[in-house]
Amino acid sequence: MGGLKVLCIAIVLINGQTIGTVAADGPFPDEARRMRSANEFLSPALRAEQADPIRNRGMLWVEQGERLFAQPPPPGGAQSCASCHASPETSMRGVAARLPAVDAESGQLVNLEGRINDCRILRQSLPPLDYETDELLALTAYLTALSIGEPLTVSIDGPASAFYAYGQQLWSERQGQLNVACTQCHDQSVGRKLRGDTISSAVPTGYPAYRLEWQTLGSLHRRLRSCQLGVRAQLFELGSREYLALELYLKSRARRHLIDAPALRR
Amino acid sequence: MPATAQAGETIKIRSAIQHPMITGHTDAGPNVAPRKIIHTFAVAYLGAEVLRVDVAPGIAANPFFAFNLRARSSGDVVFTWIDDTGEVIVETRQLTVT
Amino acid sequence: MGARGMIAVRAAGLGSALVLAAFAVTSAAATPLESFAVAGDAIGTPLGGATGDVSRGRDIALDRGKGNCLICHRVPIEGELFPGDVGPDLSGIGARLTAGQIRLRLVDQSVVTPLTLMPSYYRVDGLRRVGDQFRGKPVLTAQEIEDVVAWLQTLR
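Chains A, B and D supply the protein sequences, listed in that same order.
Numbers 6 to 271, taken from my numbering, label the letters of the first sequence in order.
Numbers 15 to 112, taken from my numbering, label the letters of the second sequence in order.
Numbers 157 to 312, taken from my numbering, label the letters of the third sequence in order.
Hints in this document: simulated from the structure, not taken from any laboratory.
Virtual Cβ for every residue (Gly too), placed ideally from N, Cα, C.
Misleading hints may appear alongside valid ones.
Claimed, not checked - Part of the chain A face toward chain D, derived, beta carbon under 8 Å:
no., residue
1, R179
2, G181
3, L183
Make a model of the complete structure from these sequences and hints.
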């Protein structure tokens, strides 16, 4: 626990240096703040459940993903994931922590789901998987779980900087009929309650996460969509450039926080 | 569950299965969609049933069951889940009793 | 209560109040809004001349699809558990604010406190990315605003 304290102080400093400005659109003050780990908002009982690989239902998808990764491709498929990525426990460790990142060839921001689908199309001759299908959630959960304990290390420099700025803008502008910006709750009202739910710092170390409200595993993009529904906004598509930019922005704010996916969330 | 146990020892077995447990009830009303839940969970040890659960629609998705079993002699522990579509999922684990 | 700044009137808000009134009058929304005038930090007269109903107002305030006040506010109603605490406790609000002041805070709290988290319940302009089914419509109708004003007035 002593280690945690040191870690949190370090994060405030990082935020102060790199995210100390306010987006052009956002009038909301962006005071330096401590990003509170999502686990701080879980009850001790839920934290224990998350740590238990049998009771954490997200592990069902991790097991499924492990099988999918290793199994021979279905008819028509060129090769399995494991044909290229041998010994995934070591070769794929840390990959999830670095994404989303800008793809050098396309110049586009790509997250883990996008990387998996790129491999399916380009290397495996398989159709891409839709967001929130058990297969894509399973592969994402498995590969993210291989980075459990690794700190988020996304880059926001160079080609990523424009995506980062866009994510920050989306984060700080009001939207929807209820006219609320993400930052108003998840920066300025952290620890306060909306009904019985405590507002968190939006540290996305646990996704894909098993949300009790969903009773299934879900992507970070699905979670972002939940808030957009809440403020009665037009929804972005899962996997859209808007959600990708927000994913980069959130993961950059949470740099040095450790991956704990698949996590349990309220 | 542990792979080995001593004769007479009580072991703890925990199981979870991926299943949406669709009750058929939605915000639109009761029974608006076909029900698809696991209605039966059964466990056999040494060829005899030791546990049977009649599962109701109130049980959450991805049901988790934990129970105790007294080890007698080496043999299979067979887990069976049956859902409304008639799908039967069977998992077998070997228990070695010393 | 005042410590959260929800009730404090900011001088800066008054300028935009006049702009808001002008917006409302000229709104080309699908559901035209009733015009109203902001005077100081209040809207002195009922929207559309409607008469509020206390009991209906209470129902609208508690309805999660309408006022949904409890998502942010505690209210003095027995048995209403797990209120939010993002906004101030509404106990005694009827003694602290006039009907006109409450009306403006429901219509558009951001006139009073520009950075507020509270939605503007009677506004269709100047919003971004409103969901299709909600576009051009205020969160509450003029009658519903008056009902909630009437109920909040009883919390003394």
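Does the structure break any of the earlier hints, and which numbers would those be?
none
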